[in-house]
Structures are given as structure tokens and as C-alpha cells.
Amino acid sequence: MNNFGVIEVASTKTKNAPGWAYVPDNGPSLAAAALQPANRKRAARNQTALSISDVSARQDTKIRKDLEALDRDIHKDANITIPPKPGASRAQNKHTPNVRKILQSQKTFANHLDDYQALLLQAETNPAMAAALLNAAQSKAATPTAVARGSPAPSASSASASATPAIRAPTSTTTTTTTTSKRSAALAKRAAAAAAKESREAAAAAAEKAAAEKAAAEKAAAEKAAAEEAAAKEAIKSEPEDPSSGNDVEMKDAPPTTETAETLSTATGTPEAAATQPQAYPADGTILPVYKKAPPTPHPGDTDSLLVSHVPPFPSDDELRALLTAPPLSYLEARAGWGDDEARYPVRMFCEVCGYWGRVRCIKCGARVCALDCLQAHREECVTRYGL
Amino acid sequence: MAGGGKAKRRSAGPAPPATTLVIDNGANTIKAGFVRDVNEGDSDQTAVDGPRIIPNCIARDRHRRTFVGSDFEKCKDFGEIAFRRPVEKGFIVNWEVQKEIWEREFFDSKAPQKCDPSETRLILAEQPNSLPALQAHCDQMVYEEFGFASYYRGIGPSFNAYQDIQGIFRTPRAPDTIAELPAEVILLIDSGYSHTTITPILQGRPLQPAIRRLDVGGRLMTNYLTRLLSVRHFDMRNDPYIVNEMKESACYVSLDFKGDLEKTWKGTRGERRKDYLTGGGIAKDYVLPDSHTRFHGVVREYEPGVSARARKGAISTEDILTLRSERFVVPELLFSPSDIGMRQPGLADLVMQSLAALPIGLWPSLLANIVVVGGNSLFEGFVQRLQTEIAQRMPDSCTVRVVRPEDPITSTWHGAANFARHEHAGKLAVTKQEYEEHGSGWVARKFAMGLGVDS
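Protein chains in written order, with the UniProt record's numbering: chain A, 1 to 388; chain B, 1 to 455.
These are computed hints drawn from the structure, not numbers from a lab. Predicted model, so just to flag it, every value in this text is computed and none were measured. You may find that some hints are simply not true.
What the hints assert, rightly or not - Okay, derived cross-link-like pairs now, EDC-like style, lysine to aspartate or glutamate, Cα gap no bigger than 20 Å in a straight line:
id, chain 1, residue 1, chain 2, residue 2
1, A, Lys-293, B, Asp-176
2, A, Lys-85, B, Asp-71
3, A, Lys-101, B, Glu-303
4, A, Lys-94, B, Asp-285
5, A, Lys-101, B, Glu-436
6, B, Lys-266, B, Asp-285
7, B, Lys-263, A, Asp-373
8, A, Lys-65, B, Asp-235
9, A, Lys-94, B, Glu-144
What the hints assert, rightly or not - One-sided and incomplete, this derived list gives chain B residues near chain A with beta-carbon spacing under 7 Å:
id, residue
10, Arg-60
11, Arg-85
12, Glu-100
13, Ala-133
14, His-137
15, Leu-220
16, Arg-343
17, Gly-361
18, Val-453
All residues carry an ideal CB built from backbone N, CA and C; glycine is no exception.
This is chain A alone, in the form it adopts within the complex:
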């Protein structure tokens, strides 16, 4: 069937409304076929059973309805009126306008959530108007420092700084996670590497600075473009080296390519000596104070490279500050996400009758059952619901 290259995608959305429904239009229309039977021969064959997409749409709707039913508090809508208090007269019936409004509100949580979403959407499309409307919601998110709490100076800087580390943090974590999972074999030497990482970062910064200086010098020699390219190349080069050099413990052994390597090795020299101390906190950490108590008594096995445990580098104070001052997520943002990671494994299916694995699918409605016994039981229900 040539459809001029257009591929029809069956929609799985169906809408529930009394009396009628949107149904994805795919396959021969039964109603039209009944009016104008084009070919009476093999009519039974043409009146196909439901297509796969139809079955799955039906299943989807069923799941959705089931979940809604499960989420409800009560089976039936109980409208219980509040009983009058025994003996107590309702003396004070005067409420403030706010309270009266709240008490009379018949809104459910779903209503409130919709209102909030609408408000957020409005804030996105028309910030000026929304800013006037929003008072609590937005100012909370935007200016946590506006509160007159007498908190000292750094709060302002932390608020402004919160944006950048928040963006930076996830990338760093992901790279480290992948590398850690790959490197579980090289566990033993990691502690030293971890301690060295901080210094490495400093070294990388130093290297970049040095490269910039070099670039400036070359700029003076009127080779502007080439120098910038070189600097950029070096910056790029120094970056991918980072994770790989995490595997190797000794940074000193890295091949000295440029003069920056010299600064690199000198920079790593001192902290590597310090790496033997079991200190993972940054010394100036104010959020989590430095461990002040006496370290545990040394053990002869401490130096054994096979027993050394790896502790990932502790986040910097700024990072923690940003985390602590971050505004709360909205209700929907905090909901557990369903990403590709979760969809990696197929969903488990269970028999709808007895609860064992659903190994057989009903042809008519797509329900899962375990074996013939349950299929028989299901058929009876299926026939009453959908007809033969």
C-alpha cells in the first residue's frame, strides 16, 4: 500500500466519555464494511480480530483505569457529614476571610495540582503577569536570600553560585560512576588515586593557566591564531587525560610532553605524600566539620594495597552549600522517573486469575493467564465482557 511515504502511527490514546469514544482508525472499518460489503467472499476473514495496536490500546486503558481505582481512597464515594459536637455550642463562628475561603473550598488534591501546574505554565509563557500573580510559589524558588533571617554575607554568593555547581555536579558524578563501575578490579590502588584527584584538579587548573600564559607569550610573537589553537588543544588534551589517569596511581610517570608537565608533577608531589593520611574531608569544610577525634589505631594491614578501601573525593564546601540552599522540587518533579534505565528489563506479567506468571495471552482481550485452567476461567469472563 503506497501511502506517499507517510507512515501511519496508531495512537494509543483513547478517551473515555459516556456513549462514544475516540478509537484509533487502523485496519478495515467494520462499520463501513457492513454498509458496503465490497467482497462478500471470505467476509469472515476480512472481519479481522482486533489488531495488535488495538489490543494494546485496550490494555493501556485498562491499566490506567485500574491504577486510578487503586489510587482512590475509598471504593465508593462516601459523603459523610461532620457530626455535631456533643453538647458544645459553636460559639465562635467568626472566621477570617482566608479561613472561610479555605474551609469552604471543596477542592481535591488533583484540583490543587492542576492549579499549580497551570500557574507554572503561565509563569513560563507570560512571566510578567505571572510574577504579579505568584507570590509564595515563585519568590520561594527564586530568592531564598530575601528572607530577613540575619544570615551572614555568604548566602548571597551561595545563591548565585548555586546555579553553576548544580549543573556541573551531575556530569562529574556520571563520569565517575562509569569509571568506578568499570574499575572495580583496580580497587586496591584507588584510595591513593582518589586523594590525588583533588590535587589533579588543581594541577589541571595550573596547567591551563600555564597554557594560557604560554599563549599570551606567543601572542606577543604575533602568532595569535596558532597559539589559541594550541592552548585549546592542550586544554582538551588535559581534560580527557583526567579520568584515564585516575586509573594510574602515579601521576609522575606520565610522559612529560610539555613544560606544563613539570608543574603538574610538582603539584601532585606534595598531596601524594598527604594522601597516606585517611582524610577525605576538605580541611576548610564548614558544613561538615573536620573529624577531630583521634584516628583509629594503625593496623599492620593498613599499607596492604589489597586491603586499601576506596573513598570517592568528598564534595567541596561550595557544592554542599549549593545543595543545601537549593529550592525544593515541585510535586511532579519529585516523582520517581521512568527512564531508559528502568525500561531496560521487560515488565513482569502475571496471570490475572491466579497470580502466577502470565505466560499465555488471551487472543481476544490481551489479558495474561498462566495455563489452560486459568485460561478457561478467563474465557468465561472475557465472553461476558466482549462477546464471542
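With chain A held as given, fit chain B onto it using these hints.
Same frame as chain A, but now just chain B:
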């Protein structure tokens, strides 16, 4: 820390109220109690009268009698009972009902926990990621309707940090150690009636970007059990209370789901497997209440043939249900919600999602200090299963410790009570005068800020 309270007291003009009412307003039950200063001179001397657990609902039984809040104790016949709850999805939505319950419990002349709001400080635990409108409603009700002298609304899970967490873990330490509050770092999993939340907490402050919520809670599981029973046994849809009792007493978290499921299968057509006939150690008989002699259900060991005879009418006095896979399939929803088609990850995966929002340097300390609270953590095997599942997702060398406080239901309340005695409470609470001066938006911002960084 002890001195902080006194200094605060001297510096602030009027002394803070000597009584603090601490409420953990759950969707199913309210946990409420007082923290009082015993000695007026010394603020360290406080007395805590433990929380009272109050059903947070208006219930109506089949004789059309209604019970509000703790009246519910008088109810004996739980068949066909209907509830109206003020809290929806963990948040107070219907203040008409909530006000009625609070008034009867705390403010009326004959209230069981009577107090005068104008001389009381209120500390209220709320669920994280609330809607601003609902928070504003709550603040307005507290100040304008009840008129509490001072008030703090904090995230419930973070109150748990004000407990001796290492004591719960039984971490080896010097015998005379006094736990410093709040605990440095914990990962708190709160699995309650409405949902399950994961909150990493650093020094008593929640790490907001990493808070995650799984929409599986006690209610969903009860409803699911109701559905399973209605398909396989009786129609229990009008008896949520009975089904809930059954869930609490009979369900457990399976440590070997596949194996257990295999044991409860009857087999193919005509076949009856041995494990199915003998029960396989999983099947249990549940004797339903008959609301004449027995008001609560009873779990019994499975006796082959009893329920069949009961169904035939040989033993007419008891209604017996045989629970097989229902026992572990229901709590399994916490670990794999996709079993009922929910597009959400299980609890262990959710922990990973929450951690992914944090720098990797925090992971080891969080993973070694996982605390589970809330009624669902009482399922047998819950803690062990969670620990295994999280450990499976982590490198071998990583320490994963999961622990449940002795009473996970009141744990948040006890934490909040400790918080009330801590200097942080004085810092965070807002008085009625301040509310009247600055308005509700200011209060909401201050509560949202929490402790901030520098303190």
C-alpha cells in the same frame, strides 16, 4: 547546644511558650503529643508525653454511626465501614474535616489532649514537595483560625535526623558518647500510607534536589489486596478496614520472589502440586471477623481442606480465606511497581535515582546510614530485602546499612519532639506577631529556607 536555647530565650523579647504541641499529621493516623518545660528556670528540663496515635478520619459504620478521630476506638464493627479523610496524597487538603478532628482532639473543653493554642508552640510535620497553595492554607489556618503563639512547619523526614541514629544502627562507639543532634548524614526512606519518599539529610537539612517520591503507599497496597481478594475469594471492596488489617498481619516481603511464586502455583490443568496442597510454608488461613464474637481477623497456619470445607458449609461459624501469593505479591509493589503497570521504578532503583542527583562523594555516607520509617517498613523482610537490593546495585566494597527504628510509625514524631527541645526550633519557629507583621508569603519563604547553611 544546651546553652543556645537559653541565650535565645534571653535575647528574644517574650519568652517562647513553655509548651510545644508536636503533630505528625499523617494521612492514616495523627501522631500528637506535648513537649513541656518542666522547670521554668532551666530550659533543658523538658518532659515529653509520648505521642497518642489518633485515626485521622471520620468513619461511618454500617449502622450509620459516625466516629471522629479517636472516637474510632469505640467502633467495634468494622464491616462496611466508610472513611472520610482530610489528608490526600500526604497533604492536608480538606481543612473542614481536619479542623473538626483537631478541635476535638486538642482544643475543645473535653479534648483528650487539651491545650490553649495562644500559649502553645506548634511543630507540624509535612511531606516534602508540597504545593505552595496547600502550605499557605496550612499556615493561615494555624495562625488565623487556631491562633497558635508560635509555629514551625517542617519536612517530616528531616525531623528523623534529630534522633540518635547511630544508636539505632548500634554502631560501636565509646560507651559514654552523647549523640550530637542532628545526625550528620542519613538517607531517610519514609514509606507511609500515601506514598514513599526518599530524603537525603545532611546535618538535619534535607537535600532538596535529591528528594524523590514513589507513589506506592499503604493505601495502594490495601486496594490492590482488595482487588486480588475480590477476584479470587469474596468481594471485599466495602471492607477496606478489614483488608488493611489482613495486609498488616499476613503480608510479608519476599526475599525470593520467584521461588515463593513457584510454591504457590497450583500447577497446570488437573495437576495439583505438592507445595500447593501442603501450603509450602507460605499459605496461611485468615479467619475473617464476624462482628459478633470476633472483631479482628486472625491469621492461622494453613490446614489443607479447611477453607474448602468452610466454603461447603461444614464449618459454618467461620469465614476463612486462604492467602497464598497474595501474602507477598502485595508488598512486592514497593520493589517493583511495574507489576501493576505503574511506570515507576522500585524502591532500590529510586534510591539510585536520588543518589544520582548528588555528588558521588556523599554516596558512601548516605548508603551506610539508611533509615526506614513509616508503617510499611513493618512488613517482615522489608529491611533485609531493601538492603540486598541496594547492595546489588553498588560496588562490592561499598557498605550498605539499612535500619528500622524500634517504632517506625512514631519515629518522625519522636524526632520532631527532640527537635522541639533543640535550639533549631527556636530559630525556625515563627510567632503569631511576626506572621501578622510580615504576612503569609514571608512565613512560607522562611519555612522553605529551613535552617540554611550558616548556623
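Taking the hints in turn, this is what the structure says about them:
Proximity of Lys-293 of chain A to Asp-176 of chain B is assessed by CA-CA distance (about 15 Å); at most 20 Å being required, the pair is judged to hold. For the proposed pair Lys-85 of chain A and Asp-71 of chain B, the alpha carbon gap of about 12 Å is at most 20 Å, so the pair holds. Between Lys-101 of chain A and Glu-303 of chain B the alpha-carbon distance is near 58 Å, which puts this suggested pair outside the 20 Å criterion. Taking the CA atoms of Lys-94 of chain A and Asp-285 of chain B, the gap is about 55 Å. The hint is violated against a cut of 20 Å.
Taking the CA atoms of Lys-101 of chain A and Glu-436 of chain B, the gap is about 18 Å. The hint holds against a cut of 20 Å. Between Lys-266 of chain B and Asp-285 of chain B the CA atoms are separated by roughly 17 Å; this keeps the pair inside 20 Å, and the hint holds. Straight-line distance between C-alpha atoms of Lys-263 of chain B and Asp-373 of chain A comes to about 17 Å, which keeps the hinted pair within the 20 Å bound. Taken as a hint, the Lys-65 of chain A and Asp-235 of chain B pair is honoured in the structure, with Cα atoms around 19 Å apart against an allowance of 20 Å.
For the suggested pair Lys-94 of chain A and Glu-144 of chain B, the alpha carbons sit about 11 Å apart, so the restraint of at most 20 Å is met. Checking Arg-60 of chain B against chain A by beta carbon gives a least distance of about 5 Å; that is within 7 Å, so the hint holds. Hint status for Arg-85 of chain B: holds, given a least beta-carbon distance of 6 Å to chain A, under 7 Å. With a cut of 7 Å, the hint placing Glu-100 of chain B at the interface with chain A holds, because the nearest CB-to-CB distance is about 5 Å.
Taking 7 Å as the C-beta contact cut-off toward chain A, the hint placing Ala-133 of chain B at the interface holds, the least distance being around 6 Å. Taking 7 Å as the C-beta contact cut-off toward chain A, the hint placing His-137 of chain B at the interface holds, the least distance being around 5 Å. The beta carbon of Leu-220 of chain B is positioned within 7 Å of a beta carbon in chain A (closest approach about 5 Å), and the interface hint is therefore held. Contact between Arg-343 of chain B and chain A, as hinted, is supported at the beta carbon level, the nearest pair being about 4 Å apart and thus within 7 Å.
Checking Gly-361 of chain B against chain A by beta carbon gives a least distance of about 4 Å; that is within 7 Å, so the hint holds. Here the hint on Val-453 of chain B is kept, as its CB sits about 5 Å from the closest CB of chain A, short of 7 Å.
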